Amino acid sequence: NEFNMNSLEVNYEFETMRLVSLSSKVNRDAYFTRDITYSLAGKPPPGYPATAGVLTEVVDNSESFSQELRLQSPEDQTWEWRTGMFFTHERTVDQQDAASFDATTGIPIALPTLAHVSVGPALFTEWAGYGDLTWHPTSQLSVLVGARYSNDRTTYSQTSTGLLIGDTDFTSRSSDHPITYLFNPSYKFTDNV
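Heads up: the sequence shown at position 10 corresponds to 10 in the working numbering, and the numbers run straight through without jumps.
Rather than coming from a laboratory, the hints here were simulated on the basis of the structure. If you're wondering where the values come from, they're calculated on a predicted model, not measured in any experiment. Note that beta-carbon positions come from the ideal geometry of N, C-alpha and C, so glycine has one too. Fair warning: there could be bad hints in the mix.
[Unchecked claim] Now the in silico label distances, taken between C-beta atoms and shown as ranges:
| no. | residue 1 | residue 2 | range |
| --- | --- | --- | --- |
| 1 | 24 | 119 | 31 to 37 Å |
| 2 | 119 | 66 | 53 to 59 Å |
| 3 | 183 | 59 | 42 to 48 Å |
| 4 | 85 | 5 | 19 to 25 Å |
| 5 | 3 | 85 | 42 to 48 Å |
| 6 | 150 | 104 | 51 to 57 Å |
Throw the hints in and build the complete structure from the sequences for me.
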């Protein structure tokens, strides 16, 4: 299992505001093998020897990139504001193969494919814009209101074959345009509470 995450933050100070850029890239590669005989309640598929076990091999690869740009006011003002845009793109590919083996000797059994599942690429893309405003009437009290609009798109594909799962081949697509709101009053009783 290999996981890499890289990020970069860049700040630029104007006279009355700050520009912030946040970029990140994540990659994950995983390969593992496991015995899934127990998930079959100890019973091999029809036509398999009584001593058969099942191994599954999984190859999983995912990568994502995100970028945020925002403008924000200084934090020491009565009215504090922030506005920005966010983008992310995620891609996942996954493959699983189930093969049979002799549970007493560990030797592979040359029988038809139990299961082969291929997922992907599964894609998720989001564009979003947001803004919020915070009022600080006193040094202890603040009230924040905000909203966020996003445009989300998802694509998912899968093919499979084998004695345990049958044949499938499909692709689904969806999109959404959620709007979320934020209302967050807070009161600081002391510097530590």
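Between residue 85 and residue 5, does the C-beta distance stay in 19 to 25 Å? Taking Cβ atoms as reference, residue 85 and residue 5 lie about 22 Å apart, which means the hint holds.
Worksheet item: Is it true that the C-beta distance of residue 150 to residue 104 lies inside 51 to 57 Å, as the hint says?
Response: Once the Cβ atoms are compared, 55 Å apart, the range 51 to 57 Å for residue 104 and residue 150 holds.
Practice prompt. Starting from the hint 31 to 37 Å, judge whether the C-beta atoms of residue 24 and residue 119 obey it.
Written response: violated (24 Å)
Taking the CB of residue 3 and the CB of residue 85, does the distance hold inside 42 to 48 Å?
violated (27 Å)
- Query: Are residue 183 and residue 59 spaced within 42 to 48 Å by their CB atoms?
  - Reply: Holds, since residue 183 and residue 59 (Cβ atoms, about 45 Å apart) stay within the stated range.
Quick check: does the Cβ-Cβ distance between residue 119 and residue 66 fall within 53 to 59 Å? Given range 53 to 59 Å: violated, Cβ gap about 22 Å.
Of the numbered hints stated above, those contradicted by the structure are hints 1, 2 and 5, listed in ascending order.
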